[in-house]
Amino acid sequence: MTDGSVVVLAHGLGGSSDLPIPYTYALIGAAWALTFTFGVVALAWRRPRFDPDKPGRALPLWVTTAVDAPATRWVLAAAGLLFAAWVAMAAMFGTADGNPLPGVFYVLMWVGLVASSLAIGPIWRAVSPVRTVYRLLRLARLRDGRGYPRPLGYWPAAFGLFAFVWLELASPDPGSLGAIKLWLWVYIVVTLTGAIVCGDKWFGRADPFEVYSVVASRFSPMRRNPQSGRIEIGNPFNHLPTMPIRPGTVTVLAVLLGSTAFDSFSAMPVWRNFVDRQTESAATATMLRTAGLLVFITVVVVTFWLAARATGGVDKRTRRELPGVMAHSLIPIVLGYVFAHYLSYLIERGQQTVIDLADPLGHGWNLLGLGNAEVNYVLSLHPSVLATIKVCCVVGGHVAGVIAAHDRALKVLPTGYQLTGQLAMMLVMVGYTFTGLYLLFGG
Amino acid sequence: MQNEQKAPDRLLIDVTIKGGEINPTNAQLEAKTNEPIVVKVDSDVADELHVHSTPDHTFKIEAKPGQQFQFSVDVPGKVDIELHHLEKTIATVQVQP
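These protein sequence lines are chains A and B, in that order.
Here our numbering is used: position 17 in the first sequence is 17, and no number is missing along the way.
Here our numbering is used: position 44 in the second sequence is 44, and no number is missing along the way.
Read the hints as simulated data drawn from the structure, not as lab findings.
Treat the hints loosely; a few may be bogus.
[To be verified] Cross-link-like lysine to aspartate or glutamate pairs, in silico, DMTMM-like; alpha carbons within 25 Å at most:
no.	chain 1	residue 1	chain 2	residue 2
1	B	88	A	173
2	B	78	A	97
3	B	78	A	374
[Claimed, not checked] Restraint-style ranges between C-beta atoms, simulated for each label pair:
no.	chain 1	residue 1	chain 2	residue 2	range
4	B	30	A	229	55 to 61 Å
5	B	74	A	39	42 to 48 Å
6	A	39	B	30	58 to 64 Å
7	B	12	A	242	54 to 60 Å
8	A	270	B	35	50 to 56 Å
9	B	20	A	85	26 to 32 Å
10	B	58	A	290	26 to 32 Å
[Claimed, not checked] Some, not all, of what chain B presents toward chain A, calculated at C-beta under 8 Å:
no.	residue
11	18
12	31
13	57
14	79
15	85
16	87
17	89
For glycine and all other residues, C-beta sits at the position ideal for the given N, C-alpha and C.
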């Protein structure tokens, strides 16, 4: 192997993982999830309340002007490019020990991106180094004008997201710098080629990070007024239905939810013993983990697809559209589960990554005085606080998902079927949440 | 007052590696933070013991009986103890505060 020390690390980052949440926490969380769900179905409002066209509270005009100013855009793009160059330097010339690349890749680009997109909006568009390269080199002039094929939808992004979680959870050695570098090279080549062939729409629909960022940003209180484009703060539930419905939307969300669940599952001794018994070599173990990952994602796709269609009183065409129409209600569930799962990673490994970034080559540099900083393991040192936060994230995401699904059902299901038509979806969501809590509790 | 002389609690893990067979694998154990964890290894091959705590520890295993490695963990969490070349997890220790 090229990188000297190659270690099979959980998530490619090493270190310990979170303690399981106590049994009682899981039980209390499950009880609340169940109560809320049926409370919402039986007692809540009977007319749709959320509407993407409802205006929020507009922020002062200078905010929008500043955000949209070409100077701001160039500064952000340049910052993204500079950061990418800094990480690339570490990736190419740094040592395997204390290299910031795995942390940047698995923590900042995966979990950090979700947190920042949820807080302020689809940030990846503004900082994406590949977009910047495309603009700087004026690659748009190479286009032959065919445009982005509509039936492709979000499928390339779903595939890209799968490639990411595959590297993290199924590949033989997720922590190897060589593997991460290869992944990133393929990502850059595919994204640039796609954009040259299909135009810059490719970024919005096929770049896995941009699509992930857009997904997370749909539950953000920050949004643009649909008419004026002015930045405002509003009810996230009005923002949620603006998630574009394209081919592959449900699959994108299923990859995110299913892979996070598989991450918990694959740490369970039952699964590890099974993989050990069945496999002789690293290659077969990888194949088995790949199959496991695919099963989890497929289960989410199939259950959601069936549940969304399980209603009476609609014609064939409407029924076919229902999974896409309901898809946005999965977003809060995905977000809740991602934070429950990766919050300590974001906070603690995130600190370690920033410290490693201050000395990317292991030469003892001390950029911004961060090189000698110590990580504060604030969450790991307080396991009961962490467990409470996790349960709140899972149950909160579930409740938000149920509310969004209920409201959408009132809008799209015909009178007389609005209650019964929701039942399958509610049961499936309860199923996701119970599974999630069970996995966090460790079985 | 008799307990004052008592030796501190510690976790002992007995590992045998013989002809490619490892015992135990995927064991579920518990420990406290700062409590000594001792891994005793009887092995017929050289390997590396990786302890995925925060921070990580690495120990060289030689092909001989009766090797002892000791460490303690001060950040609570689930700690995997793995054989690097054989690619097997010996045990997962839940380190509670």
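Next on the checklist: Against the 25 Å threshold, does the CA-CA distance of residue 78 of chain B and residue 97 of chain A hold or violate the hint?
Outcome noted: It holds: about 22 Å lies between the C-alpha atoms, which stays within 25 Å.
Item to check | Verdict for residue 39 of chain A, residue 30 of chain B (Cβ pair) under range 58 to 64 Å | outcome: violated, 38 Å
Checklist entry - Holds or violated: is there a CB of chain A closer than 8 Å to the CB of residue 31 of chain B? => result violated, 12 Å
Checklist entry - Would the hint on residue 89 of chain B stand, with a C-beta cut-off of 8 Å toward chain A? => result holds, 6 Å
Item to check | Distance restraint between residue 78 of chain B and residue 374 of chain A, which requires alpha-carbon spacing of 25 Å or less | outcome: Given pair residue 78 of chain B, residue 374 of chain A holds - Cα atoms ~21 Å apart, limit 25 Å.
Checklist entry - Is the shortest C-beta separation between residue 87 of chain B and chain A less than 8 Å? => result holds, 6 Å
Next on the checklist: Can you tell me whether the CB distance of residue 20 of chain B to residue 85 of chain A sits inside 26 to 32 Å?
Outcome noted: Since the Cβ atoms of residue 20 of chain B and residue 85 of chain A sit about 46 Å apart, the hinted range of 26 to 32 Å is violated.
Checklist entry - How about residue 79 of chain B: closest beta carbon in chain A under 8 Å, or not? => result holds, 5 Å
Next on the checklist: Range first: 42 to 48 Å. Now tell me if the beta carbons of residue 74 of chain B and residue 39 of chain A are that far apart.
Outcome noted: holds, 44 Å
Item to check | Satisfaction of the residue 57 of chain B interface hint, Cβ to chain A closer than 8 Å | outcome: Check failed: Cβ of residue 57 of chain B comes no nearer than 10 Å to chain A, outside 8 Å.
Checklist entry - Does residue 85 of chain B meet its interface restraint, that is, does its C-beta lie within less than 8 Å of any C-beta in chain A? => result This hint is violated: residue 85 of chain B lies away from chain A, its Cβ roughly 10 Å from the closest one there, beyond 8 Å.
Item to check | CB-CB spacing for residue 35 of chain B and residue 270 of chain A relative to the 50 to 56 Å hint | outcome: Between residue 270 of chain A and residue 35 of chain B, where Cβ atoms are some 27 Å apart, the hint is violated.
Checked against the numbered hints given earlier, this structure breaks hints 6, 8, 9, 11, 12, 13, 15; the rest are met.
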